[in-house]
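S.K.: Produce the entire structure from the sequences given, and follow the hints as far as they go.
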Amino acid sequence: MLSRSVQHFKFVSKQCYGSIFLHSSKHALKPYPLSLNIRRSLSASANLLTSDDFSDVINDLVKKDDRQNINHEYVQKLKGVNDMNVLEQFCVKCRPSNPQEALLILQRLSDFSFTKKANQIVEFLKSDGYVSSLSAQFLNDDVDISCLMEASICIFNILEKLPNGKNTIDEDAPLNLTPNFDSFFVTFMEHLKQRMSAADVEKLNPDTVVAFFRCLENKRYSEIDPTFVAEFKKLLQRKIPDITSTAAITALLTTLNKEYYDDEGFIMLVISKVEELLHNMLLGELVNVFSTLAENKYRKLPVLQTLSEAIRVHTDILTLSQLERLANGIFKISYYNPRLIERFCADLINSAGNLSRWSQASTFLTFLTRARVTNEKVWKAIVNWMNKSYRTASITDLRFCVGSLALMNVDQKLCYSLATYLASRLQPAPKEDPLKWLNSMWAIACLKSLTPKLAESVLNETFYNELFSREFKKEEALFIAQKLCQINAAAKFDLMKYPGPFAKIDVFSFTPAACQILKYGTRLEKFEEFQTSLNTPIPPPFITPPRYYPEYGVFIDSLLYYNTKTSKFDSVSSVKNDDKHPLKGLLAVQYFSKKHFTVVNNIDEMRLLGAYQMGIRHLTAAGAKVVIFTEYEIEKAENVSSNRNLNRIVYIKDKIVKAAQNV
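Each residue of the sequence shown is one higher than the last, beginning at 1 in my numbering.
Honestly, the hints are just simulated from the structure, not real lab data.
Careful, some of the hints might be misleading.
Taking lysine-lysine and the DSSO-like style, the derived pairs with C-alpha atoms no more than 27 Å apart in a straight line are [said to hold, decoys possible]:
| # | residue 1 | residue 2 |
| --- | --- | --- |
| 1 | K380 | K448 |
| 2 | K636 | K653 |
| 3 | K595 | K504 |
| 4 | K453 | K258 |
| 5 | K300 | K233 |
| 6 | K625 | K580 |
| 7 | K636 | K595 |
| 8 | K473 | K636 |
| 9 | K297 | K380 |
| 10 | K473 | K436 |
| 11 | K388 | K436 |
| 12 | K497 | K473 |
| 13 | K595 | K625 |
| 14 | K595 | K565 |
| 15 | K203 | K233 |
| 16 | K658 | K594 |
| 17 | K258 | K239 |
| 18 | K234 | K297 |
| 19 | K576 | K653 |
Distance windows between CB atoms, simulated [claimed, not checked]:
| # | residue 1 | residue 2 | range |
| --- | --- | --- | --- |
| 20 | G521 | E456 | 30 to 36 Å |
| 21 | R238 | K473 | 51 to 57 Å |
| 22 | E456 | Y336 | 35 to 41 Å |
| 23 | G265 | E475 | 42 to 48 Å |
| 24 | K380 | S272 | 26 to 32 Å |
| 25 | T544 | I317 | 51 to 57 Å |
| 26 | T227 | K93 | 39 to 45 Å |
| 27 | D579 | N350 | 30 to 36 Å |
| 28 | S641 | K436 | 50 to 56 Å |
Predicted model, so just to flag it, every value in this text is computed and none were measured.
We put the CB at the ideal spot given by N, CA and C, even for glycine.
M.R.: Shown next as structure tokens:
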């Protein structure tokens, strides 16, 4: 039986034995084991060891120049050991004669712990003969310290793989008590610590030092002396500059917790080595580094820029799982590097056809939405998959995805099947959150798929009274009320024969100042500059001030009437009323800042976000001629000559007049 002291040495965290999986189109799924720091292949389908795995381990050991010569006949016999029964027989017949041979057997047992049943491992560990051979080979002062460290790593890996449930060694112990392994393990660890204090640091393999450090870092090892861990950290710091393996530095980085990130000297030493080895890393390692830094809220821009560029120029294609990890990392630190996003989208286009889960699609849609990606090809790739798969999706998944498409103003024709299918499936549940239901109805309305029944579900007085019975912040309440107004306008202008109720929009307060702040936010100063230039050439009686028009669900910067017969601006009130098209004959000026568009290097490719495009649709349906100005075009017009203000005023007036004349 293993005592509680040894149980504390068992790993619980998968980090201590787990492999870092490296995915790429050129490299098969490969983990590197932390014991012996040797790359092994795993079957991509089942994560099972291949027939050549142990040969790689043996070859690595044999090539070590500072190791004793290993009997090659012994090596060849061990290569043929493929199950626990044979291994047990092998240990009886071919008892290890030196520490290297004992280490080979430990490594073989560690390999089996990934694929064999725990009870078989337990039975083997209870073998008095095997434990005595371990003691004979590892508990003397002549054993190479690196060999001892690698042996300890193997043992940690083996113990970690033993489950904590009914199949644990403890529950099996009453059948056959075997304290020998427990006694050996405690003695072995104490022996290792003593040897470490006198070790020649320069001779230690840095990869082995990293692997052993990962084992010590597991906080469940309560009986490991914290002083020993602290001393080993100092040793590790001395070995970090010697690391040449990308696998080792990646493994080290993934081990570090927040405490190490707070140690500026230590983390900079690790990050510097990461930067040094970036260009030798596999694509999967680069993604792993980015994800790890993001998990720890590391946001030093020079490092992130260098890392992003290394990912961008890598010749392999990002797999779906790598894209997911990268997207989640970008979310966590809100680091939207345009060049990295461009690379992300290119690889997502190539991989989108291999999507298999709606959770993947949701992750990618969230990424594309938060990054405000314009690229129509990547949106089309994702939506094409959703159009083929929407019948297998949950309503929750569909609502989320349609919401993202609406926000980003993705082509309505492309989204039609998805949006109409969702509309046909939606039924308000008795305990449905009113705000979530409103958001779903808004998304469907934005994609022009609203039905009379769904419109009525939010435009009835009972619903919106319940919605606003909750307390919202002023800005949030205003935003929600504007969504309700947009659905109201959609029912009026998109559903020509809508028989249901309309929301009583006059009960809401839409003060111009609050609506301006809500629309323009940090770009308010730019809007005010535009508004001043708009008012300069047009007499005050002939221009309306900016305000929110709830009947159209849109903030209008100005309504104008330009009389083409007199070639002059005239009073808005002079235009004859048209009940069906209340804005007929008027110009609706709409100014949009950079925050209202998708993000793209080429401004000719950008598009308005969904809420603003829906507003333009409703204004057009109401009969208005919409004249759109963008922050981008105003900046360009200002720079025509040195008089920026005059350039801006002339440009604004000329565009409005031209739009009015081009009826």
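S.K.: With reference to the structure, classify each hint as holding or not holding.
M.R.: Cross-check of the supplied hints:
A threshold of 27 Å between alpha carbons decides the hint, and for K380 with K448 the separation of about 18 Å falls inside it, so the pair holds. A hinted pair counts as satisfied when its Cα atoms are at most 27 Å apart, and K636 with K653 qualifies at roughly 15 Å. The straight-line distance between the Cα atoms of K595 and K504 is roughly 30 Å, outside the 27 Å bound, and the hint therefore fails. Note on K453 and K258: the hinted pairing is violated, with a Cα-Cα distance of about 52 Å set against a maximum of 27 Å.
For the hint linking K300 to K233, the alpha-carbon distance of about 24 Å falls within 27 Å, and the restraint holds. The hinted pair formed by K625 and K580 meets the criterion: a straight-line CA distance of about 15 Å does not exceed 27 Å. For the given pair, K636 sits about 17 Å from K595 by alpha-carbon distance, which is consistent with the 27 Å threshold. Proposed proximity of K473 and K636 is contradicted: the alpha carbons are some 38 Å apart, above 27 Å.
A hinted pair counts as satisfied when its Cα atoms are at most 27 Å apart, and K297 with K380 does not qualify at roughly 32 Å. The straight-line distance between the Cα atoms of K473 and K436 is roughly 17 Å, inside the 27 Å bound, and the hint therefore holds. Between K388 and K436 the alpha-carbon distance is near 26 Å, which keeps this suggested pair within the 27 Å criterion. Distance restraint check for K497 and K473: the Cα-Cα separation of roughly 36 Å exceeds the 27 Å cut-off, and the hinted pair is therefore not satisfied.
Annotation: proposed proximity of K595 to K625 holds, straight-line Cα distance about 23 Å (limit 27 Å). Straight-line distance between C-alpha atoms of K595 and K565 comes to about 38 Å, which puts the hinted pair past the 27 Å bound. For the hint linking K203 to K233, the alpha-carbon distance of about 17 Å falls within 27 Å, and the restraint holds. Only pairs whose Cα atoms come within 27 Å are accepted, and K658 paired with K594 is accepted, the gap being roughly 24 Å.
As the CA atoms of K258 and K239 are separated by approximately 21 Å, the hinted pair is consistent with the 27 Å bound. Of the supplied pair hints, the one linking K234 and K297 holds, its CA atoms being roughly 25 Å apart against a limit of 27 Å. Of the pairs offered as hints, the one joining K576 and K653 holds, with about 24 Å between alpha carbons and a cut-off of 27 Å not exceeded. Take G521 and E456: their Cβ atoms lie about 33 Å apart, and the range 30 to 36 Å holds.
Checking the proposed 51 to 57 Å range against R238 and K473 shows it holds: the Cβ atoms sit about 54 Å from each other. At about 40 Å, the beta-carbon gap between E456 and Y336 stays in the expected band of 35 to 41 Å. Checking the proposed 42 to 48 Å range against G265 and E475 shows it holds: the Cβ atoms sit about 44 Å from each other. Range check, K380 to S272: Cβ separation about 42 Å, and the 26 to 32 Å hint is violated.
For the hinted restraint 51 to 57 Å between T544 and I317, the CB-CB distance of approximately 54 Å keeps it satisfied. At roughly 43 Å, the beta carbons of T227 and K93 sit within the given window of 39 to 45 Å. Distance hint check: the CB atoms of D579 and N350 are about 53 Å apart, inconsistent with the given range 30 to 36 Å. Judged by the Cβ atoms, the range 50 to 56 Å given for S641 and K436 holds: they are separated by roughly 52 Å.
Checked against the numbered hints listed earlier, the structure breaks hints 3, 4, 8, 9, 12, 14, 24 and 27; every other hint is satisfied.
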